[in-house]
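*Asks:* Listed in order, the protein sequences are those of chains U and P.
Residues in the first sequence are numbered consecutively from 0, following numbering that gives the first Met the number 0.
Residues in the second sequence are numbered consecutively from 0, following numbering that gives the first Met the number 0.
Incorrect hints may appear among the rest.
Straight line, CA to CA, 30 angstroms or less: simulated DSBU-like cross-link-like pairs of lysine-lysine [to be verified]:
hint	chain 1	residue 1	chain 2	residue 2
1	P	37	U	33
2	U	74	P	5
3	P	87	U	57
Negatives, chain U to chain P, calculated, CB over 12 angstroms [stated by the list, open to error]:
hint	residue
4	21
5	91
6	105
7	152
Away from chain U, derived, C-beta distances all over 10 angstroms, residues of chain P [claimed, not checked]:
hint	residue
8	8
9	9
10	11
11	16
12	18
13	40
14	42
15	73
16	75
17	101
18	110
19	112
Simulated from the structure, these hints should not be mistaken for laboratory data.
Ideal Cβ placement from N, Cα and C applies to all residues, glycine included.
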Amino acid sequence: MISQKQNKKQLKNIQINLMNTKLNHIAKFKTFTKTENLESIRNFVFENSTKFGFNDYKAEELVLAVDEACTNLIKHAYKSNPEDSIVIELNSCENSFIVKIIDNSPSFDPRFVQDPDMVQYRNDYKKGGLGIFIMKSLVDSLDYQITNNGSIKNVLTLTKHLV
Amino acid sequence: MNDNLKINLVNKQDITCFYLSGQLDAHSAPLLEQEIEKSIQINNKFVFNLSNLDYISSAGLGVFMSFIQDIRENNGDIKFAELNERVKNVMDLLGFNHIYDITETEQEAIEKYSN
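Given the sequences, and given the hints that come with them, work out the whole structure.
*Replies:* This is how it looks when you write it as structure tokens:
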């Protein structure tokens, strides 16, 4: 009986822990939405993700995913208005590396973009539209939220696990 | 402005070889676009030697996609050679090997034009 009680208690604790999972803040980078800043965004993500424990190959996958997300924002959401800024926030949670890309452009939820038919794509020699596909392919999960703390912000979250 | 990509062109017989070094992303893609635009006025057979290209994103790949149809309609082609692993991984992810000839060496790519 006692052990069952303990089990229940432990289980409850685990659930509470999961709900209150605190993200460990790693680093934050704010820059203007100009394509010339993509390189520093990539360096920022690469340095911190390799420090976290990713090998170069995995870190480069994450770097490309973040590049694609930021390129989309710069090219489409902001229409390349260099006055706007973008924030890249890096966090970790156990063996997960979590990249939050925060901006205040008009909302666009990439989760609902259908994957392209690659055969059709190649036959038609299409030029663009692959960024979101690449992004989804290279991370373990992708989440999108709109927050409103005084001003409306989009938060795109890319998560990649160490193993 | 576009200092993260260097482009050199060398004509070898009737083939124009592009040597790209640095990073081909949304920032440098317009520069490459301009160079290809100029080159297709005089030639339609291209080899891209990518041995010194460290990085490519979909914006860079999009440049090739935007020209390939016109080039092929004029009996020309774009072939890639000497990709480093990083660039090759991205091209594989998108199945570029199904669209383009990708060879180990530049010489192989050039020879494919005479086959």
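*Asks:* Which of the numbered hints above does this structure break?
*Replies:* Of the numbered hints, all hold.
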